[in-house]
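Visitor: What follows is the residue order along each chain.
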Amino acid sequence: MSVKHALLALLSEGPKYGLQLREEFESGTGEVWPLNVGQVYTTLQRLERDGLVESDDTSEEGPQKGFRITAAGAAELAGWLRTPPDLSSPPRDELVMKVLVALRVPGVDVHEVIQVHRRYLVELMQQWTRLKEDEAEYDLSLALVVDAELFRLDSVIRWLDSADGRLKRAAADKAAGTTAAPATPPAPVPLPNRRRRTGARG
Amino acid sequence: MSMLELQGVRKVYGQGATAVKALRGVDLQVEPGAMVAVMGPSGSGKSTLLTIAGSLEEPTEGEVLIDGAPLSRMSRNARARLRRRSIGYVFQDFNLLPGLTAVENVALPLELDGIPGRRARATGKQVLDDLGLSDRGNQFPDQLSGGERQRVAIARAVVGDRHLVLADEPSGALDSVNGEAVMRLLHEACKRGVAAVVVTHDAQLASWADRVVFLRDGRIVDQTAPQADPESLLSTPGQTP
Numbered sequence: 001m002s003v004k005h006a007l008l009a010l011l012s013e014g015p016k017y018g019l020q021l022r023e024e025f026e027s028g029t030g031e032v033w034p035l036n037v038g039q040v041y042t043t044l045q046r047l048e049r050d051g052l053v054e055s056d057d058t059s060e061e062g063p064q065k066g067f068r069i070t071a072a073g074a075a076e077l078a079g080w081l082r083t084p085p086d087l088s089s090p091p092r093d094e095l096v097m098k099v100l101v102a103l104r105v106p107g108v109d110v111h112e113v114i115q116v117h118r119r120y121l122v123e124l125m126q127q128w129t130r131l132k133e134d135e136a137e138y139d140l141s142l143a144l145v146v147d148a149e150l151f152r153l154d155s156v157i158r159w160l161d162s163a164d165g166r167l168k169r170a171a172a173d174k175a176a177g178t179t180a181a182p183a184t185p186p187a188p189v190p191l192p193n194r195r196r197r198t199g200a201r202g
Numbered sequence: 001m002s003m004l005e006l007q008g009v010r011k012v013y014g015q016g017a018t019a020v021k022a023l024r025g026v027d028l029q030v031e032p033g034a035m036v037a038v039m040g041p042s043g044s045g046k047s048t049l050l051t052i053a054g055s056l057e058e059p060t061e062g063e064v065l066i067d068g069a070p071l072s073r074m075s076r077n078a079r080a081r082l083r084r085r086s087i088g089y090v091f092q093d094f095n096l097l098p099g100l101t102a103v104e105n106v107a108l109p110l111e112l113d114g115i116p117g118r119r120a121r122a123t124g125k126q127v128l129d130d131l132g133l134s135d136r137g138n139q140f141p142d143q144l145s146g147g148e149r150q151r152v153a154i155a156r157a158v159v160g161d162r163h164l165v166l167a168d169e170p171s172g173a174l175d176s177v178n179g180e181a182v183m184r185l186l187h188e189a190c191k192r193g194v195a196a197v198v199v200t201h202d203a204q205l206a207s208w209a210d211r212v213v214f215l216r217d218g219r220i221v222d223q224t225a226p227q228a229d230p231e232s233l234l235s236t237p238g239q240t241p
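These protein sequence lines map, in sequence, to chains A and F. Here the first sequence is numbered in our numbering, starting from 1 and rising by one per residue. Here the second sequence is numbered in our numbering, starting from 1 and rising by one per residue.
Some hints could be false.
Capping the alpha-carbon separation at 25 angstroms, the derived lysine-lysine pairs in PhoX-like fashion look like this [said to hold, decoys possible]: (1) F/Lys191 - A/Lys168; (2) A/Lys4 - A/Lys16; (3) A/Lys98 - A/Lys65; (4) F/Lys125 - F/Lys21; (5) A/Lys98 - A/Lys168; (6) A/Lys174 - F/Lys125.
Honestly, the hints are just simulated from the structure, not real lab data.
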């Protein structure tokens with residue numbers, strides 16, 4: 001999360017004080033991202049140094065010091081909003097690694113490992129859903145944040161479901177002697193060797 | 001006492017070498033006011049579990065108790081009465097009768113149970129009002145959107161003195177906003193004391209439940225723990241998106 005750009009966005013509505021920025025940041029993100037006041041002032045100092053914001057009175061630090069966005073700050077904000085986050089290369093996902101490792105460890109049932117993670121993720125989703133049910137009806141920012149988290153967790157569960165099914169089919173094929181690629185080693189090739197070749201997808 | 005209890009329920013379709021074991025010994029209890037979601041992949045036995053719980057199909061072995069009463073000891077007529085009076089069903093494809101208006105669809109189970117038409121329709125209208133469909137009561141199903149049709153189906157499932165609602169992929173092909181509205185309605189029914197079982201492969205739907213059980217190859221293999229306070233999500237470092 002870019003605190004810098006969130007503060008620029010708040011200042012694009014008009015001049016504001018530091019404490020006010022902190023309060024509006026938290027309420028605008030459904031109060032899911034706590035922010036301490038020190039972080040706000042450090043970020044504002046950097047923004048001022050870079051010419052992206054201006055302050056009322058450079059001699060006086062504190063809660064009564066007001067800030068406003070500059071033309072350069074507005075341009076920076078407009079550019080940031082339209083710059084896609086880096087999703088082009090696959091992240092080094094710990095859960096994917098755990099499932100791949102579970103395949104190679106003798107005596108470990110990979111389906112049981114998958115279920116442990118599936119259950120944890122569903123429990124987490126239950127908590128987010130309860131939060132949405134209780135509060136998000138009246139708080140649009142919170143509803144958007146909670147939805148984003150639910151979709152993210154849901155996608156991880158879908159991957160686990162898909163992995164579960166794929167591994168079952170692979171085991172059934174192996175038992176039936178119809179392995180699709182008999183020349184390759186039975187266990188998957190370790191991921192790190194392949195990562196460099198995965199490249200940009202997008 | 002549980003509103004629904006399954007004890008060692010097995011279900012086998014066919015015989016001999018071609019027999020399919022759909023359920024292999026399922027124990028499940030659903031208390032009044034609780035929503036339980038049953039998650040599992042296709043072929044895990046989810047829909048079979050629901051039809052047996054709803055007395056639409058009989059188990060090969062084991063017992064189903066509704067509000068403490070074992071189904072196996074009931075006459076055919078008593079089971080039919082139980083299905084009309086106490087159990088509401090919500091299906092993926094809504095199953096509304098196309099020749100009846102929304103309010104007539106909702107009132108139908110009451111009328112089948114002998115309640116006079118005018119009273120049944122008044123009760124049906126009240127439930128539609130509660131679900132935000134006050135102005136849609138006189139529309140026919142093909143005049144309603146998908147989301148509205150499913151809300152009518154939920155109204156029909158909870159109308160009267162129903163204590164148990166059984167739902168099979170209740171948000172079906174609805175988009176996520178309408179799907180959420182459906183689950184919100186079901187959960188509100190539970191807060192009024194209805195017990196609900198929702199079978200789904202969709203984690204977002206299942207996450208509305210108080211408890212999620214995981215079905216694999218006809219067996220319950222796992223279930224979620226009692227829920228932590230959701231406020232903890234807002235204060236735990238590393239849990240933020």
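Visitor: When the hints from earlier in the document are held up against this structure, which numbers fail?
Guide: 1, 3, 4, 6
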